[in-house]
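J.: Spelled out, the chains give:
2 protein chains.
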Amino acid sequence: MDYLEQSFNIRYHYKIFFTEGLFDSDNLLLADFFNGESSAAQKKVLFVLDAGLVDANPALETAITAYFQVHRAVELVSEILIVPGGEAAKNNPAVLESIIEAVDVHGIDRHSYIAAVGGGAVLDLVGYAAAIAHRGIRHLRIPTTVLAQNDSGVGVKNGVNYKGKKNFLGSFSPPVAVFNDKQFLLTLNNRDFRSGISEAIKVALIKDPAFFTWIEAHASKLLNRDMESMEYLIKHCARLHLEHISSLDPFERGSSRPLDFGHWSAHKLEQLSNFSITHGEAVAMGMALDSTYSLYAGVLSEEKLQRILNLLALFFDITNPLIRITDLNAPILQGLQEFREHLGGNLCITLLRDVGEGFEVHEMDPHTLLQASQYILQFKKRQFDTNTFPL
Amino acid sequence: MDYLEQSFNIRYHYKIFFTEGLFDSDNLLLADFFNGESSAAQKKVLFVLDAGLVDANPALETAITAYFQVHRAVELVSEILIVPGGEAAKNNPAVLESIIEAVDVHGIDRHSYIAAVGGGAVLDLVGYAAAIAHRGIRHLRIPTTVLAQNDSGVGVKNGVNYKGKKNFLGSFSPPVAVFNDKQFLLTLNNRDFRSGISEAIKVALIKDPAFFTWIEAHASKLLNRDMESMEYLIKHCARLHLEHISSLDPFERGSSRPLDFGHWSAHKLEQLSNFSITHGEAVAMGMALDSTYSLYAGVLSEEKLQRILNLLALFFDITNPLIRITDLNAPILQGLQEFREHLGGNLCITLLRDVGEGFEVHEMDPHTLLQASQYILQFKKRQFDTNTFPL
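For the protein sequence lines, the chains are L and E, in the order given. Numbering follows the numbering used here, with no gaps: position 161 of the first sequence is 143. Numbering follows the numbering used here, with no gaps: position 49 of the second sequence is 31.
Bear in mind the hints are in silico, worked out from the structure with no lab data behind them. Worth double-checking, as some hints may not be accurate.
One copy or any two copies: either way a pair holds, since identical chains are not told apart in the list.
Within a straight-line C-alpha distance of at most 27 Å, the following computed DSS-like cross-link-like pairs (lysine-lysine) qualify [stated by the list, open to error]:
1. LYS25 - LYS139
2. LYS26 - LYS139
3. LYS25 - LYS145
4. LYS25 - LYS147
5. LYS217 - LYS286
6. LYS147 - LYS26
7. LYS26 - LYS145
8. LYS(-3) - LYS164
9. LYS203 - LYS189
10. LYS(-3) - LYS189
Computed from a predicted model, the values in this text were never measured in an experiment.
Generate coordinates for the entire structure from the input sequences, incorporating the hints supplied.
T.: See the structure below:
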């Protein structure tokens, strides 16, 4: 056999900074970051902001402009883009196009920066635009929701939807830095504040029993928006997420995706709800389903399942009728096939054998899913007092 | 400073196979490749063919279908896509969309394959579609032109054009394998056959003087389409190209791009000609310009320059009037700024101090470029007899 061979390694390295008041002119974190970046020429930074965030923080644009008037390590592109938040941004190709066009018009080159400030959907969208323009522009993530700060924003994926299919187009493109500013969390509504807790419960359920116990113990504080508790939750969840990515298969070439616990149905539930439920809410419903499936599969005790459903139900409406599986043609079951395609043919589903101990299976029985869905819908009726934990 | 840190390496590895009659059913190369790939589930392969190639090889579709009826390591997707060849494919978003749609319709997952068969532009386009669909579908390249077999097809880049700007959208996404089938070269017209020689001269000029001498010595044979000479040229050029990629900066995070010798003006020349000149022809013109610039910059002797221009002029019309720079507003000079942006702010231009010895500079003087362009346009008049080499 006549051939040449090519092989090389690409190293990725970035920091996730935790700060408060990132754009306060006396906060040097961002300026120091840009000063520390190697570059001969004057670089530019294009900011793209989440419209929902701007509504809640009307002074944000002014603050960013003022910051870069004081700190001149990079040149702020005069036009600050504002794009719709949530899945709307990822569904509309014109929004992606508007970012690409700004890269062209403002001459953003591959050693300049695109900074995304917003929730997970905006970070996904902007990260994708940055990944494909000029074969990759340096990308800064400034996540502003709990979910983005503890999960999607610190990871390596981006994407947009195509014909309603979530993240059908995207790439694995690590950011050059992530800035988690806790001040942004103060303006979140309760629903968004809680949504991000879902991914923390997820990572606790599959690999960190002590963290699950911690969340149970701090549930009341989290519901009451105690910021110290939320800071701990975000940082611990982000750390687990980062460790998971780097220790296994960062660009997901294999089929194993334990961090996708509960996600096969979550993606479909979001779509079936026309994205009226948030990703975090959908993941909570999906975890309820797959935890209950674990019971019927004979691997998880009912006592442990009740503990899980109780915690989920504290923060989320897990008995939302969308979870109902009436027969084998139920729309939610299509999610299994779509997830299989997205993973690459070989289905990998995480089930639980204990709180904090996930494992993988490669098929799901739809009849058992039907039973699991019925169990969850009845859960409300025999719910414990939500202030009582089995601890 | 409060932060978490993330770092990991991604390893890329692929082979470039050399064969003849890839789709002959008794050629086991492709079947063995698929059999050797790890996968539990039955995988699919979607073929995308270059329309120009299909015109020249009307039996190709039938041959591919017949091959996978005999060899069933993967399932051939029944629809074989045929897309326009050349820059037309990269300029038209609808062509990209048609590939994405096929991925969706035929349920191509991330462990399945998209195989591109054609010239460099089709490989760029299909490689880009494969890179972004499902965050990256395994991509096979089957280059069918000299240029694609010795240069672009064996590398790691893909891309499409945006508003006429070459490769404005794209990514660095190594293929899983490349199959160079020499039979495809037989159906090329003379112009395409020669075009690919340009990149071989390029790599010889910047790093391999012995290879330059070899090309001079085999110029007549190459002009007469001697296949043994062409096979050597392709394989040697591909090897140099691969070594260059793996030894330096595969995903071009720095500014150094010595393999882009002659390319700043080549990209612009292609665009100014409305893509009526080929990439190889444009690169030849660009190399003539930057070699002559090296003379005026005082780093290359006129004797060596004449040797270079003589070889280039054997294969290419380097005195094409498009190379004319009449004043500092000449359109070709805009190519410098566009190249600077594409590189990332810091201009890196390769000049020659000898045949086989390139080096980098970070600016170009437009007045000197004007002189260089005039020198080339007069070159025809004092051209040597093309059969006489200064050896």
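J.: Hint by hint, where does the structure go against what was stated? Just the numbers, ascending.
T.: Structure breaks no hint.
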